[in-house]
Amino acid sequence: MFEVKNISMIYDMDTDEKMYALKGFDLTLPDKGLIGIIGPSGSGKSTLMYCLSTLKKPTEGTVCYNGTELTTITDSEREKIRRKEFGFVFQKHYLVPYMNALDNVLVAAADQSEETKKRAKEFLAGLGLGERELSKRPAKLSGGQCQRAAIARAMINNPKVVFADEPTASLDHENAFNVMRILKSYSADRLVLVVTHDRSILNEADRIIEIWDGEISRRETE
Amino acid sequence: MKKPFSAFYYVKENVGRSLLIGCMFFLTTMLLLAGNYIQSNYYYWDGICEYTESLTDIAGLPTDENYEDYKAVIEELEADPEIIVMLNSGFSASALSWKCTLGFTMGSHCARFNTAEDLQTAFRIFGYKGDFSKVHDGSVIISEPLARNLGFKLGDTLGPEEGLHGEFTLDALIDEDIFAVFFVETEEENLIRAHVLSETLSPKEVRERVTQVVGDRKVKINVPVRAEVEKNLGPINLIFYVALFLLSFVLAVSVNSVIAGHYAKRTYEFGIYRALGRTKGEIRRKCAAEIALTDAIATVIGIAAIELYTFLMNELYYIPHGQFLPYWSVLGIVGLVVANALVLIPVVLLRGRSMCRADVTEF
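Top line first, the protein sequences correspond to chains P and A.
FYI, the numbering for the first sequence is 1154 to 1375, going by the working numbering.
FYI, the numbering for the second sequence is 7 to 369, going by the working numbering.
The set of hints was computed from the structure by calculation and includes no laboratory data.
Possibly wrong hints are sitting among the right ones.
Distance ranges between label pairs, derived from CB positions [said to hold, decoys possible]:
{"no.": "1", "chain 1": "P", "residue 1": "1322", "chain 2": "A", "residue 2": "356", "range": "30 to 36 Å"}
{"no.": "2", "chain 1": "P", "residue 1": "1311", "chain 2": "A", "residue 2": "340", "range": "52 to 58 Å"}
{"no.": "3", "chain 1": "P", "residue 1": "1236", "chain 2": "A", "residue 2": "22", "range": "28 to 34 Å"}
{"no.": "4", "chain 1": "P", "residue 1": "1271", "chain 2": "A", "residue 2": "22", "range": "53 to 59 Å"}
{"no.": "5", "chain 1": "P", "residue 1": "1236", "chain 2": "A", "residue 2": "356", "range": "21 to 27 Å"}
Selected chain P positions facing chain A (in silico; Cβ < 8 Å) [stated by the list, open to error]:
{"no.": "6", "residue": "1229"}
{"no.": "7", "residue": "1252"}
{"no.": "8", "residue": "1271"}
Think about it this way: if two alpha-carbon atoms lie no more than 20 Å apart in a straight line, the pair counts; the simulated EDC-like pairs of lysine to aspartate or glutamate are [as the list claims (entries may be wrong)]:
{"no.": "9", "chain 1": "P", "residue 1": "1245", "chain 2": "A", "residue 2": "183"}
{"no.": "10", "chain 1": "P", "residue 1": "1245", "chain 2": "A", "residue 2": "368"}
{"no.": "11", "chain 1": "A", "residue 1": "292", "chain 2": "P", "residue 2": "1228"}
{"no.": "12", "chain 1": "A", "residue 1": "286", "chain 2": "P", "residue 2": "1228"}
{"no.": "13", "chain 1": "P", "residue 1": "1209", "chain 2": "A", "residue 2": "365"}
{"no.": "14", "chain 1": "A", "residue 1": "292", "chain 2": "P", "residue 2": "1342"}
{"no.": "15", "chain 1": "P", "residue 1": "1233", "chain 2": "A", "residue 2": "183"}
{"no.": "16", "chain 1": "P", "residue 1": "1237", "chain 2": "P", "residue 2": "1342"}
{"no.": "17", "chain 1": "P", "residue 1": "1210", "chain 2": "A", "residue 2": "183"}
{"no.": "18", "chain 1": "A", "residue 1": "105", "chain 2": "A", "residue 2": "183"}
For glycine and all other residues, C-beta sits at the position ideal for the given N, C-alpha and C.
Construct all of the structure, not just a fragment, from the sequences and the given hints.
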């Protein structure tokens, strides 16, 4: 699904102290499965994820997604891909504070029909959020419930790829386990990329990529 | 179902914040009230302007020896079956001063008729209604609003203390919004002025006929006062427009800084929208719609408040005191629209552009 060639990301290009977040490596990712990208803080793992998901454009190199060269297409084409094919789960849930849980999911939906609303409710119910929780705003939900609503938001359009950047960092052990269980289940026929510094949540990963100082130091496959 | 991304949803779920921004926009509606107050100066002058446009007055000039030209013109006009000529005195007359809605004193217009019959004929042609049964030589007639403005009642004696050139009794009130003073003063001599009217010709046709008859003879034809009024009140309009732009600029800066702070707190929200694949166009339209909707609600509430204020002030104070504040004016509407545009457009453009740059990766 993803073909990355010689990808580099350099910050502060115009200064003498250039910072290499990614240092020119190749990578291939499959159509499905749970892939973990692990590394210490500042290793470039989040930057890699941003480059793959079109949130950032690499300074050098190419990122091909299903034959489409993501670094050369227009902004509107990138937006279209993000809208239809990608989903995002962030460390902090980043739910909109004035929307209830259901509307936070619907705001990401491709359409606002009654059918989509029904599907969103079913999805949230499957993630353990009942009718009572649906009408509550994020401030009235627990951290785990917010993160599950964020996962529902990421998956409402049935994206082919879900990018999860430290999805369990703000959660306790039990909720972290639940979130990883959901992501693992989704990865049965989709690609789920999880960026983390916590190896313990990647027990169920199909593959682990270790990044150190902007370079891939190890690739493990189960 | 209100869509979560829509402006209506945002305003409905964030009433407090929207009210705060709305209060800023509400201030722009004050321009409507300011324009209405300035337009109120024109309100009673409109009646005088219409009167001077509908009545053609001629006067003999001192350079006309023995007023020969004047007499010849009068003779020709009196021979016209469609023309009515009312001779009246050449002595000067004085009018009353009154207080306008803005609080300062304004002058009025005056006209003299030689007989009560002449006055009643003229008023019948103008369509002025009232009880003229007591009108006689030595009467003064004014409008009901002017009487309320000055605190006069029927039967009052008005003289030099009130600014008039002699003693007169207030013998009739006309039901018209015109701040003019009409005298009946019978003179036998010095009848070197004349009102020229017609029951069948329009005021424009009368004026044309009089102008044709006068030609280049030494007879003066009155000029309608509208141009003079607009010339005198014009500087006030100019001051209004200058104040409008200055106030709009100040409002634009303050509203923009309040809104900037408000949207800065929502940067991550818009960053998420961008990550979810919302286009820049959708983001800009969302910002524009939220701000415009808040402005529209504030403007409607502002206009309603101003109309209510105007109604209460008119009923409780202005009309009983012979004044009037209009409910709308061209000046006020221009002020409201321009102020809103000057405040709204930069805010919408700047916020839309700023939120398009929201980047979730930078949180």
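Evaluated hints:
Taken as a hint, the range 30 to 36 Å holds for the pair residue 1322 of chain P and residue 356 of chain A, whose Cβ atoms sit roughly 35 Å apart. Evaluation of the 52 to 58 Å hint for residue 1311 of chain P and residue 340 of chain A yields a pass: the beta carbon distance comes to about 54 Å. Checked against the hint of 28 to 34 Å, the C-beta distance between residue 1236 of chain P and residue 22 of chain A comes to roughly 32 Å, which is consistent with it. Take residue 1271 of chain P and residue 22 of chain A: their Cβ atoms lie about 32 Å apart, and the range 53 to 59 Å is violated.
Between residue 1236 of chain P and residue 356 of chain A the Cβ separation comes to about 26 Å, which falls inside the hinted range of 21 to 27 Å. The closest approach between the C-beta of residue 1229 of chain P and any C-beta of chain A is roughly 6 Å, which is under the 8 Å cut-off, so the hint is satisfied. Because the beta carbon of residue 1252 of chain P sits about 5 Å from the nearest beta carbon in chain A, less than 8 Å, this interface hint is met. Checking residue 1271 of chain P against chain A by beta carbon gives a least distance of about 12 Å; that is not within 8 Å, so the hint is violated.
Annotation: proposed proximity of residue 1245 of chain P to residue 183 of chain A is violated, straight-line Cα distance about 69 Å (limit 20 Å). Proposed proximity of residue 1245 of chain P and residue 368 of chain A is supported: the alpha carbons are some 13 Å apart, at most 20 Å. For the suggested pair residue 292 of chain A and residue 1228 of chain P, the alpha carbons sit about 19 Å apart, so the restraint of at most 20 Å is met. Under the criterion of a C-alpha separation no larger than 20 Å, the hint pairing residue 286 of chain A with residue 1228 of chain P is consistent with the structure, at around 9 Å.
For the hint pairing residue 1209 of chain P with residue 365 of chain A, the CA-to-CA distance comes to about 9 Å; that is within 20 Å, so the pair holds. For the suggested pair residue 292 of chain A and residue 1342 of chain P, the alpha carbons sit about 35 Å apart, so the restraint of at most 20 Å is broken. Pair hint residue 1233 of chain P plus residue 183 of chain A does not hold up; C-alpha atoms about 66 Å apart against a cutoff of 20 Å. Straight-line distance between C-alpha atoms of residue 1237 of chain P and residue 1342 of chain P comes to about 16 Å, which keeps the hinted pair within the 20 Å bound.
Between residue 1210 of chain P and residue 183 of chain A the CA atoms are separated by roughly 73 Å; this puts the pair beyond 20 Å, and the hint is violated. Among the hinted pairs, residue 105 of chain A with residue 183 of chain A is consistent with the structure: their alpha-carbon atoms are about 14 Å apart, no more than 20 Å.
Of the hints listed earlier, those the structure fails to meet are numbers 4, 8, 9, 14, 15, 17, in rising order.
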